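Engineer: Sequence:
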Amino acid sequence: MSEQGDHNVDFLGQLANRIKSLRDNRNLTQEDAYNDTGIHFGRIETGRWDPKFSTIRRISEYFELTITEFFAEGFEE
Numbered sequence: 221m222s223e224q225g226d227h228n229v230d231f232l233g234q235l236a237n238r239i240k241s242l243r244d245n246r247n248l249t250q251e252d253a254y255n256d257t258g259i260h261f262g263r264i265e266t267g268r269w270d271p272k273f274s275t276i277r278r279i280s281e282y283f284e285l286t287i288t289e290f291f292a293e294g295f296e297e
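Sequential numbering of the sequence shown, starting at 221, is according to the working numbering.
Since the hints were derived computationally from the structure, they do not count as laboratory data. Computed from a predicted structure; not experimentally measured. All C-beta atoms in this analysis are idealised placements derived from N, C-alpha and C, irrespective of residue type, glycine included. Wrong hints could be hidden among the right ones.
[Said to hold, decoys possible] Across the chosen pairs, the derived CB separations fall in these ranges:
| # | residue 1 | residue 2 | range |
| --- | --- | --- | --- |
| 1 | E296 | N255 | 25 to 33 Å |
| 2 | I287 | D256 | 15 to 23 Å |
| 3 | E251 | E296 | 25 to 33 Å |
| 4 | D270 | S241 | 14 to 22 Å |
| 5 | F231 | R278 | 17 to 25 Å |
| 6 | N255 | D230 | 27 to 35 Å |
| 7 | F291 | W269 | 15 to 23 Å |
| 8 | N237 | T288 | 14 to 22 Å |
| 9 | D244 | R268 | 16 to 24 Å |
Produce the complete structure using the sequences and hints provided.
Structural biologist: Have a look at this one:
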C-alpha cells in the first residue's frame with residue numbers, strides 16, 4: 221500500500237475511534253445515534269468507510285462540537 225493509502229487508513233481509524241469515544245461518553249448506542257441523525261455510525265466506526273466532510277460536520281454538530289473541537293482530540297498529524 222502507498223504511503224498515502226496508509227495515511228488514509230490511519231485517519232479513518234482515528235476518525236472511527238473519535239466518533240465511538242464521543243458516542244460512548246454520552247452512553248449512546250449506534251442505533252440511538254442513527255435514529256437521531258440518520259447517519260450509519262456503525263459503518264464509520266469500522267474505519268473502512270470514508271464519510272464526506274458534510275457528514276463529519278453533521279456528526280460534530282450532533283455532539284455539540286465545532287469542527288475544530290471535533291478534530292482537537294484523537295488525531296495525529
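Engineer: Against each hint, give a clear statement of whether it holds in the structure.
Structural biologist: Going down the list of hints, with the structure as the test:
The hinted window of 25 to 33 Å between E296 and N255 holds, with their beta carbons roughly 32 Å apart. Taking 15 to 23 Å as the suggested C-beta distance range, the pair I287 and D256 conforms, at roughly 19 Å. Distance hint check for E251 and E296: the Cβ-Cβ separation is about 30 Å, which falls inside the suggested range of 25 to 33 Å. Taking the beta carbon of each, D270 and S241 are about 19 Å apart, inside 14 to 22 Å as hinted.
Taking 17 to 25 Å as the suggested C-beta distance range, the pair F231 and R278 conforms, at roughly 18 Å. At roughly 30 Å, the beta-carbon separation of N255 and D230 lies within the given 27 to 35 Å, and the hint holds. Remark: the range hint 15 to 23 Å for F291 to W269 is upheld by a beta-carbon distance near 18 Å. Against the hinted window of 14 to 22 Å, the Cβ-Cβ separation of N237 and T288 comes to about 18 Å, which satisfies the hint.
Between D244 and R268 the C-beta distance comes to about 19 Å, which sits within the given range of 16 to 24 Å.
Comparing the model with each numbered hint stated earlier shows that all of them hold.
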